[in-house]
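Since chain A is already given, all that's left is putting chain B on it; use the hints.
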Amino acid sequence: MRATWWSRKAIALHATVLVVAPGCLAAGWWMLSRATHGDALAWIYTVEWPFFACYAVYMWWKLLHDDPAVRRAAMRAQPASPATARLAGNGPKQPEGPEAIAFDPYDDSDPELAAYNRYLASLHERDRSHR
Amino acid sequence: MSATAVTGEDARRLRGAVGRYRAMAMVVGAMLLLLVVVAIPLQYGAGHPGLAGVVAPLHGACYVVYLLTVADLARRARLRIGELAAMIGAGFVPGLAFVVERRITRRFRAPSP
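Chains A and B, in that order, give the protein sequences. Going by the working numbering, the first residue of the first sequence is number 1, and it counts up by one from there. Going by the working numbering, the first residue of the second sequence is number 1, and it counts up by one from there.
A couple of the hints might just be wrong.
If we take Cβ atoms under 10 angstroms as the criterion, some of the chain A residues that face chain B in the derived model are [to be verified]:
id	residue
1	5
2	6
3	12
4	13
5	17
6	29
7	41
8	44
9	52
10	56
11	58
12	59
13	62
14	125
15	128
Taking CB as the label site, the calculated pair distances span [said to hold, decoys possible]:
id	chain 1	residue 1	chain 2	residue 2	range
16	B	30	A	9	29 to 39 angstroms
17	B	42	A	38	20 to 30 angstroms
18	A	39	B	41	15 to 25 angstroms
19	B	15	A	30	33 to 43 angstroms
20	A	128	B	61	57 to 67 angstroms
21	B	54	A	6	43 to 53 angstroms
22	A	62	B	92	28 to 38 angstroms
23	B	68	A	23	12 to 22 angstroms
24	A	62	B	15	19 to 29 angstroms
25	B	33	A	125	52 to 62 angstroms
26	A	9	B	102	23 to 33 angstroms
27	B	19	A	120	20 to 30 angstroms
28	B	93	A	62	16 to 26 angstroms
29	B	30	A	124	20 to 30 angstroms
Calculated directly from the structure, the hints in this document are not laboratory data. Computed from a predicted model, the values in this text were never measured in an experiment. For glycine and all other residues, C-beta sits at the position ideal for the given N, C-alpha and C.
Chain A extracted, bound-state conformation:
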C-alpha cells in the first residue's frame, strides 16, 4: 500500500506529529531533569513521555497508510457481507437478513417496482416544483 504524502489529510498529519512528538520528547527531557534532581515520581513520566512520542509517530505512519481509496478498491474486489463490513467499520448501514442483502434499489427488472419508483420520483419532483 502506498501512502499519499501530500494530500490535505497527510499534511495535517505531518503537522500534528511534528508538534506532538518533539513536544513529548521535550516533556520527557524535563521530567528526566526533575528525576535526577530527586523527584522519584518523575521517573515514571521520564519513561512515559518518550512512549507518547513513539505512539504519535506510530499512529502518524499508520494513518498515513490508511488510504480510503485503497480500502474502497479492496471492498470492490471482494464484496463483504454487510455484517462483516459493518464489523470492520466500513459497511453501509443496512438492515440485516437475506432479504435486505438481496434488495437493490436501482433494479428495474421488476416492472411493478420500476413503476412504483417512477411514481415516487414524480411525487418528489412535484414537491420540489411547489416549494
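Relative to the frame of chain A, chain B by itself:
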C-alpha cells in the same frame, strides 16, 4: 489487513480487542474523574496531596496500557482519524472516555450469530 478479511477468527479477535479497550477505557475514565473531582481539589484546595500523589502516576500508567489497547484495536480494524483523536483525548479530557467508549462499542458490536 483489508477490511474484507474480518471473518471467523479475525472477528473473534476483534471482539477481544474491543473488550480490552472497553475495560481500559472505563479504568482510565474512572481514574481521571477521581483525580479531577476529588484528588486535585484535595491537593490545592485542602492541602492534602496524598491521594493525588497516588492516583496521578497510576492514571499515567493505566493510560499507557489503554493506549496500547487502542493501538491493538486500530491494527485490527480501521479507525477514523476523529475516532482515534477522541480515543487518545479520552485519557486527559474528563468524562470523554465514557462517551467515546459507548460510540466505539456500538460501532464494533458483533452481529448476532
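Now the hints, each set against the structure:
no., hint, verdict
1, 5, "16 angstroms, violated"
2, 6, "17 angstroms, violated"
3, 12, "8 angstroms, holds"
4, 13, "8 angstroms, holds"
5, 17, "12 angstroms, violated"
6, 29, "17 angstroms, violated"
7, 41, "6 angstroms, holds"
8, 44, "5 angstroms, holds"
9, 52, "8 angstroms, holds"
10, 56, "9 angstroms, holds"
11, 58, "7 angstroms, holds"
12, 59, "7 angstroms, holds"
13, 62, "6 angstroms, holds"
14, 125, "36 angstroms, violated"
15, 128, "34 angstroms, violated"
16, B:30 - A:9: 29 to 39 angstroms, "34 angstroms, holds"
17, B:42 - A:38: 20 to 30 angstroms, "24 angstroms, holds"
18, A:39 - B:41: 15 to 25 angstroms, "23 angstroms, holds"
19, B:15 - A:30: 33 to 43 angstroms, "41 angstroms, holds"
20, A:128 - B:61: 57 to 67 angstroms, "60 angstroms, holds"
21, B:54 - A:6: 43 to 53 angstroms, "47 angstroms, holds"
22, A:62 - B:92: 28 to 38 angstroms, "21 angstroms, violated"
23, B:68 - A:23: 12 to 22 angstroms, "21 angstroms, holds"
24, A:62 - B:15: 19 to 29 angstroms, "21 angstroms, holds"
25, B:33 - A:125: 52 to 62 angstroms, "54 angstroms, holds"
26, A:9 - B:102: 23 to 33 angstroms, "26 angstroms, holds"
27, B:19 - A:120: 20 to 30 angstroms, "44 angstroms, violated"
28, B:93 - A:62: 16 to 26 angstroms, "22 angstroms, holds"
29, B:30 - A:124: 20 to 30 angstroms, "50 angstroms, violated"
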